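Chemist: Sequence:
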Amino acid sequence: MRRVTKKLIILVVGLILIGLYCEFLVYYLVILQCGWPQLKAGEENVLKTFILADTHLLGPYRGHWLDKWRREWQMHQAFQAIIKLHSPEVVFILGDLFDEGEWTDEQQFNEYVDRFHKLFLLPDSIKMFVVVG
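All residue numbers for the sequence shown refer to my numbering, where the first residue is 34 and numbers rise by one.
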């Protein structure tokens with residue numbers, strides 16, 4: 034009985050650690066490998082800019098709710114990790130922001146915009162410019 038309990042505890046702890054790695058830690062480990070270019074002497078007057086393109090947030094008509102939830106979770110986690118680790122001064126979000134914006138009514142579109150702002154939340158010190166396309 035003790036052997037089964039010990040194996041069960043190891044299994045549960047292992048699954049929890051795998052979950053933490055896959056859902057949180059992996060974003061930081063991957064993004065830590067990126068960095069700003071090294072500056073030469075006298076080039077200190079630079080603007081740290083992060084550019085994100087074609088988010089394609091799913092709308093109310095196409096796609097499965099689980100797929101939408103999973104994609105948005107991953108986008109939010111990766112975006113927040115980038116902001117925390119690299120502290121850009123300005124963020125540009127370009128291109129196709131929504132997948133179904135042209136087929137939504139005004140209320141659905143406003144919900145789309147609210148989701149967008151929750152996903153790509155920034156501190157007040159960082160400016161965001163959105164260029165749709």
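Take these hints with a grain of salt, some might be off.
[What the hints assert, rightly or not] Calculated cross-link-like contacts (lysine-lysine; reagent style DSS-like; alpha-carbon spacing at most 30 Å): (1) 39 to 101; (2) 73 to 40; (3) 81 to 117; (4) 151 to 73; (5) 101 to 117; (6) 40 to 81; (7) 81 to 160; (8) 101 to 160; (9) 73 to 117; (10) 151 to 39.
[As the list claims (entries may be wrong)] Here are the in silico distance ranges between beta carbons for each label pair: (11) 46 to 68: 32 to 40 Å; (12) 62 to 159: 42 to 50 Å; (13) 36 to 107: 20 to 28 Å; (14) 109 to 138: 23 to 31 Å; (15) 106 to 74: 23 to 31 Å; (16) 146 to 63: 22 to 30 Å; (17) 81 to 58: 44 to 52 Å; (18) 99 to 65: 25 to 33 Å; (19) 141 to 108: 28 to 36 Å; (20) 89 to 67: 17 to 25 Å.
What the hints contain is simulated information worked out from the structure, not anything from laboratory work. Nothing here was measured: the structure is a model prediction, and the numbers come from that model. Cβ coordinates follow ideal geometry from the N, Cα and C atoms, glycine included.
Chemist: Going straight from one Cα to the other, do residue 101 and residue 117 come out at no more than 30 Å?
Modeler: 24 Å, holds
Chemist: Tell me if the straight-line CA distance from residue 101 to residue 160 falls inside 30 Å.
Modeler: 27 Å, holds
Chemist: Can the suggested window of 44 to 52 Å be confirmed for the beta-carbon pair residue 81 and residue 58?
Modeler: 24 Å, violated
Chemist: 23 to 31 Å was suggested as the range; check whether the CB atoms of residue 109 and residue 138 agree with it.
Modeler: Taking Cβ atoms as reference, residue 109 and residue 138 lie about 25 Å apart, which means the hint holds.
Chemist: Given the hint of 32 to 40 Å, check if residue 46 and residue 68 actually sit that far apart at their C-beta atoms.
Modeler: 33 Å, holds
Chemist: Indicate whether the distance between the beta carbons of residue 62 and residue 159 respects the range 42 to 50 Å.
Modeler: 23 Å Cβ-Cβ, so the 42 to 50 Å window is violated.
Chemist: For residue 36 and residue 107, compare the CB-CB distance with the range 20 to 28 Å and indicate the outcome.
Modeler: 38 Å, violated
Chemist: Does the Cβ distance between residue 106 and residue 74 fall inside 23 to 31 Å?
Modeler: 43 Å, violated
Chemist: Regarding the pair residue 73 and residue 117, is the alpha-carbon distance no greater than 30 Å?
Modeler: Judged against 30 Å, a Cα distance of about 25 Å means the pair holds.
Chemist: Given the hint of 28 to 36 Å, check if residue 141 and residue 108 actually sit that far apart at their C-beta atoms.
Modeler: With a Cβ separation near 19 Å, residue 141 and residue 108 fall outside 28 to 36 Å, so the hint is violated.
Chemist: Would the pair residue 81 and residue 117 pass a check requiring their Cα atoms to be no farther apart than 30 Å?
Modeler: Since the Cα atoms of residue 81 and residue 117 sit roughly 13 Å apart, the hinted pair holds (cutoff 30 Å).
Chemist: Regarding the pair residue 39 and residue 101, is the alpha-carbon distance no greater than 30 Å?
Modeler: 38 Å, violated
In summary, the numbered hints that this structure violates are 1, 2, 4, 6, 10, 12, 13, 15, 17, 19.
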